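**Q** For reference, the chains in residue letters:
Number of protein chains: 2
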Amino acid sequence: MSKTATNAEPTLKPQELQRMDAYWRACNYLAAGMIYLRENPLLKEPLRPEHIKNRLLGHWGSDPGQSFVWVHLNRLIREQDLNMIYISGPGHGAPATLANCYLEGTYSEIYPDKSHDVEGMRKFFRQFSFPGGIGSHCTPETPGSIHEGGELGYSLSHAFGAAFDHPDLIVNVVVGDGEAETGPMATSWHANKFLNPARDGAVLPILHLNGYKIANPTILARISHEELEALFTGYGWKPYFVEGSEPEQMHQKMAATLDSCVREIKEIQEQARESGKWERPRWPMIVLRSPKGWTGPKEVDGHKVEDFWRAHQVPILGVKENPEHLKMLEAWMRSYEPEKLFDESGRLVAELQELAPKGDRRMSANPHTNGGKLRKPLDLPAFCDFALKFQRPGEMYASSTETLGTYLAEVFRRNPESFRLFGPDETASNKLSGVYEATKKTWEAGYKPEDADGGELAADGRVMEMLSEHTLEGWLEGYLLTGRHGFFATYEAFVHVIDSMFNQHAKWLEKSKKEIRWRAPISSLNLLITSVVWRQDHNGFTHQDPGFLDIVANKSAEVTRIYLPPDANCLLSVADHCLKSTDYVNVIVADKQPHLQFLSADEAIKHCTKGIGIWEWASTDKGCEPDVVIASAGDIATMEALAAAALLREHFPKLKIRFVNVVDLFRLVPEDEHPHGLPERDYDSLFPPDTPVIFNFHGYPQLIHRLTYQRNNHHNLHVHGYRERGNINTPLELAIMNKVDRFHLAMNAIDRVPGLRAIGGHAKNWLFDQVTEHVMYAHEHGIDPEAINEWTWPE
Amino acid sequence: MSKTATNAEPTLKPQELQRMDAYWRACNYLAAGMIYLRENPLLKEPLRPEHIKNRLLGHWGSDPGQSFVWVHLNRLIREQDLNMIYISGPGHGAPATLANCYLEGTYSEIYPDKSHDVEGMRKFFRQFSFPGGIGSHCTPETPGSIHEGGELGYSLSHAFGAAFDHPDLIVNVVVGDGEAETGPMATSWHANKFLNPARDGAVLPILHLNGYKIANPTILARISHEELEALFTGYGWKPYFVEGSEPEQMHQKMAATLDSCVREIKEIQEQARESGKWERPRWPMIVLRSPKGWTGPKEVDGHKVEDFWRAHQVPILGVKENPEHLKMLEAWMRSYEPEKLFDESGRLVAELQELAPKGDRRMSANPHTNGGKLRKPLDLPAFCDFALKFQRPGEMYASSTETLGTYLAEVFRRNPESFRLFGPDETASNKLSGVYEATKKTWEAGYKPEDADGGELAADGRVMEMLSEHTLEGWLEGYLLTGRHGFFATYEAFVHVIDSMFNQHAKWLEKSKKEIRWRAPISSLNLLITSVVWRQDHNGFTHQDPGFLDIVANKSAEVTRIYLPPDANCLLSVADHCLKSTDYVNVIVADKQPHLQFLSADEAIKHCTKGIGIWEWASTDKGCEPDVVIASAGDIATMEALAAAALLREHFPKLKIRFVNVVDLFRLVPEDEHPHGLPERDYDSLFPPDTPVIFNFHGYPQLIHRLTYQRNNHHNLHVHGYRERGNINTPLELAIMNKVDRFHLAMNAIDRVPGLRAIGGHAKNWLFDQVTEHVMYAHEHGIDPEAINEWTWPE
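One line per chain: the protein sequences are D and B, in this order.
For the first sequence, position 389 matches number 378 in the numbering used here, and the numbering has no gaps at all.
For the second sequence, position 771 matches number 760 in the numbering used here, and the numbering has no gaps at all.
Just so you know, these hints were derived from the structure itself, not from any lab.
Just so we're clear, the structure is a prediction, and the values are computed from it rather than from any experiment.
Virtual Cβ for every residue (Gly too), placed ideally from N, Cα, C.
Heads up, a few of these hints could be off.
As the list claims (entries may be wrong) - Below, simulated DSSO-like cross-link-like pairs (lysine-lysine); rule was C-alpha separation at most 27 angstroms, straight line:
hint	chain 1	residue 1	chain 2	residue 2
1	B	329	D	182
2	B	502	B	365
3	B	429	D	227
4	D	112	D	329
5	D	362	D	378
6	D	365	D	569
7	D	293	B	429
8	D	429	B	293
9	B	227	D	287
10	D	2	D	347
11	B	227	D	182
12	B	502	D	287
13	B	502	D	293
Claimed, not checked - From the structure, some residues in chain D lie toward chain B, with a derived Cβ separation under 8 angstroms:
hint	residue
14	221
15	342
16	401
17	404
18	539
19	751
20	776
21	779
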């Protein structure tokens, strides 16, 4: 299977090779300049200490290899008019990407002060890793980037996400051999079982074996060629090897190999598109083994640098202080012959300019890397058509997610090329199987006859299932960043698997939205969290963790939204809103089990639009000042809170209870902290400052305190929530263990309402007996009594 | 390379095979019984609806395959007196593990009411997935388990952790083909490059290809044999295949294959141990392809069940209601011939009892799975010997982690077989390279000559570096759970990669500690978080996330500890304490960069023991009621807070400032919420209820509010912390952006102290000018002015 594509006749003509090499040298010159220089960018005078930056920061190691790849891709784009983008896994090697953006002119178009002249180049160098300037990764400020590469592991899944439903696109992705050791990367090679050659674009991974991480060899660089080849063959790829360090030979090998890869990609796609039939393709990939810090200093002070880990960041240190080192730097930078690459004014010489593709074909300017420009809003059905219908609150049981599934099926029907649903083997488990009426699960691995009965698999399916939250999240991010729409449904406890990916995406969004005007808004990342903490009857303690919301609340208010729809119609309303929105991460928490339903479609729209509100039908305060506010956020928390209110009404018919439900969690926050924050006056009118509030929350109770500690009635706020108590309990027993059940809520209300405690002794005893009885019932029968969800509303 | 070990002569004699098959049937019978029955456990009477549990919960799919493996391992243990443990990747197939625990007698020894008789079996069945009973995973309650398998992905890394430094141990690990799709699992196959055949035990992975997840085929079950073989060969293993469904043939194949594997393991180890020389071994592994739900119902209501995803959980549903299904269940359970397996009293027949190993050799009773029993406390040096010495606070610069490194080197020297340090390619970057004086980095992949100059690699190294936080955390957990000690140092932003692993380990610890008396305490998991948010001068925004502490604070107070040592000597004191402790996750936050040092060794001990305290030398309240409390938690936050206090003293010489530093974060919490919580009186004496407190915190400020909202002076608490503002700033500039810098702190103090605002206008203007000047300086020079850390203490 292994190939080093070599033709009898060299692929590149001598002059072409020479020009490409010169272009590459220009990239390397610029990369070194970015790391070192604040003045004298073209070395028009001998290098002096004052030309050097005060702090030397940046990563040289992978830059030459990455620029090498870029220069070669440029040739293909030019020759074959290809639609290509570039994802830099070792994104900390941003000097390579930035150098190419600059040489292609994109950088100057977006940032005119980084012009193509000596002064522009000086500014370009100086801003790099410089306070007030730009980071040393492929940050959102970097044209052509959809992947920052600050945190490692996600470049390949991002690449696949970009390729889905973009049949003409080839996504080149350089995977660092350090990044290749991460778990998320190690499994994402299997994404080739989910790429449809007729419908999707192609992904061309280039594993960059430059041998070292910060301070260690990499695993893949130190195993045998045979093992390496077996590994990628085993992953289902057809690996090509380009290995060496001598530039001329490497240029020829790379050119020949890329020609082969692109030819194979086209053959695979043409065959599939023409015949409509295919076996899962063995897509080509490239293993590029080149020295770390290639073309840089070979040795410094007697220590090996090129082709060793010492080339990872700044290869020559102490340049400002050490005249020897200064000379070494100058010699190294002059070795690229800048005077032949740039004209007197600092402009790339004309014959090299020709090597860059033009306009949108430039990888630094391809519109797919500014996906908002390509994005078309979804064609969404009227969600009310899918709403549940019932006469009165609490008379109907239904699963919120099941209801959502029927709506999402219609979203699929109306948007056959720009919407996907993601879930780790859990779409059915999460009761979203309604979508299978409209589409199936993407599957390109083998089929068996029995798949026909309930397998729901299809090569052209649009539901993406793989048991890797990392891969799914990466796919979704790549899909959104290139202008499409999606929805990710996952188990609540295990959404923590992607905490860090969420953090990074939120940071990307925040920068893009607030600081980078040229980036167009992309679709929001919609995360449905289900199979929640309160319904883990046999999975138990390990599946009980509602803490993702705490992670979300740490991120910028500009890009985070949290919704806890209390029932199915509210979930529909929230989902509709989220699918229309841009530049957010919308986190929606909704359980999959059947629950009582409360709001009609119209009521749901009103309630969700406000995000927080009084449920008059569950209240007895009739517009007066209440004795107590019972509040809730979350479907199960709401049900228990309603039951608590019913119990209180029963025992204390004159008690003025106000029932408040929160859908949009950030309404609780002061308005100067979050755009959704409720103004003080509105908050106080819902939660009168001197009235006790019993707040039943879906998650960890401290989150509510953290959001509301500045509110006037915070001293009166008593939050119930998950207290990290649990096992394989029945629903009610688990609620009881964490005191989010109706009985504990009612008992707490009796304690908190002035005067009620004195007369409530009997009721409290009765409530306490209920707790014991229900736990005993569960331990005897293995279930909760069926009657627990029957109660009436106030007249 | 591929092998299906088959001998000309069958490995198992007919009678032996027959008995093993009977033992296996007993396992399968028990597994089915656990899922279905609450009465009539031995089917002594025809099955009636009332015998069936009210809710049918549990996972049947992987049970028969897992029991098959266990039964075969028992034969090897018996015949060769092997020291083996078993890790169940698909831990939700607990019925298999539980059945074996029960048959081996371990279960009854620990839980005497689950005795070896009909009534004991009834209780054993009934407790499974039953409220008040045990979960359907290999929870801590399960004898022989160190891996719950609730969250997927970590079984193999746990297995390697268990094998390190246990030269006689063979760790068998069944990896589910669902789990195999996760990222953490996909990279952990590479752990074979870190296992030393002379020093460590062996890991025998058994990839269980049972074909399906909850609702989907698995990737590895649907790729070709050639790809599968190439994949594992590429991962560096020698794969053996045991494939089929006919029991007799499968028994013979499995027996022959396991014989080969154990023989090879022993050969590899003997060769290495005798010669002291070896090439990285290609350790054997097994691919077991058996039907999902093997031996269970083939079809239910016309739908395929065995060998399909429908066998994943409960294969026949509605048994209580549907007489047909009840009959089907009875026929299925009777197909195992329980009357031949158990005697009249319900005891396993004697000839089958003999098949189980005895005493500690039983995998369900191997002491390595109750690691606390094997644990010996570390031999720790007096950390004061490594303490920094200086005359006065703030006169010396040093890196806290560098100081820690010299101490850890001595820990290595004194504990050459039971301590390891873990870090993702960052031990040197995190300035812990002092440890290389005592040991190197474990490395079993290839070497190059240049490694001799700064590579720090060795086959017998004890520093574990791989660019996978998941693998490292899994190794460390496995290492601790089997009775050893460790320390994990990682970048603060990327500790979020293992949020979910932390959650699971904390849950395991909590259950073990609070509810399972037979589990002996294990060493704490010590996590050093460094390369912190405040020093990301070129990595920028993506490397700024101090939110792991919020995750930790959600978990049980029984097992979580957070320390923020303000300087090197405090870090030593904290580390010493943590290395002695058991059953906690200790999270230590300390930056790696050089910082001012404040406390002598003696002072550090006193301060860290209290966990919170007044720094008299930085205070001017001289025992009186202060005008303002300046408080801090975190090294960089402390330095800025001290500088703020100095600025305030300079501008307002009569101001009574109290300086409070917090090392042990949970001191802030009320004492009924956390064992470390400060009693109200003590808290109030530090933070007088009516005195404004300016609190400078390392992390997100809301965490402090969440911990202190019940405290008397909470309305006077003004917390500064990371506000998700950042880029590639200089340290001071980043502090300024987030208002944790000295100037903003001092300005806030002026605003908060009654009366000060009126006279502080000039000072505030000056402070504000400083902010602007320092930002301008950074943007001009790329660095902070060197003089910013020079200030004097009060007389």
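**Q** Would you mind marking each hint as holding or not holding in the structure?
**A** Against the structure, the hints come out as follows:
{"no.": "1", "hint": "329/B - 182/D", "result": "47 angstroms, violated"}
{"no.": "2", "hint": "502/B - 365/B", "result": "18 angstroms, holds"}
{"no.": "3", "hint": "429/B - 227/D", "result": "37 angstroms, violated"}
{"no.": "4", "hint": "112/D - 329/D", "result": "21 angstroms, holds"}
{"no.": "5", "hint": "362/D - 378/D", "result": "39 angstroms, violated"}
{"no.": "6", "hint": "365/D - 569/D", "result": "10 angstroms, holds"}
{"no.": "7", "hint": "293/D - 429/B", "result": "20 angstroms, holds"}
{"no.": "8", "hint": "429/D - 293/B", "result": "20 angstroms, holds"}
{"no.": "9", "hint": "227/B - 287/D", "result": "39 angstroms, violated"}
{"no.": "10", "hint": "2/D - 347/D", "result": "22 angstroms, holds"}
{"no.": "11", "hint": "227/B - 182/D", "result": "25 angstroms, holds"}
{"no.": "12", "hint": "502/B - 287/D", "result": "56 angstroms, violated"}
{"no.": "13", "hint": "502/B - 293/D", "result": "51 angstroms, violated"}
{"no.": "14", "hint": "221", "result": "7 angstroms, holds"}
{"no.": "15", "hint": "342", "result": "30 angstroms, violated"}
{"no.": "16", "hint": "401", "result": "18 angstroms, violated"}
{"no.": "17", "hint": "404", "result": "24 angstroms, violated"}
{"no.": "18", "hint": "539", "result": "5 angstroms, holds"}
{"no.": "19", "hint": "751", "result": "28 angstroms, violated"}
{"no.": "20", "hint": "776", "result": "15 angstroms, violated"}
{"no.": "21", "hint": "779", "result": "19 angstroms, violated"}
Figure legend: structure checked against the earlier numbered hints; hints not met, in rising order: 1, 3, 5, 9, 12, 13, 15, 16, 17, 19, 20, 21.
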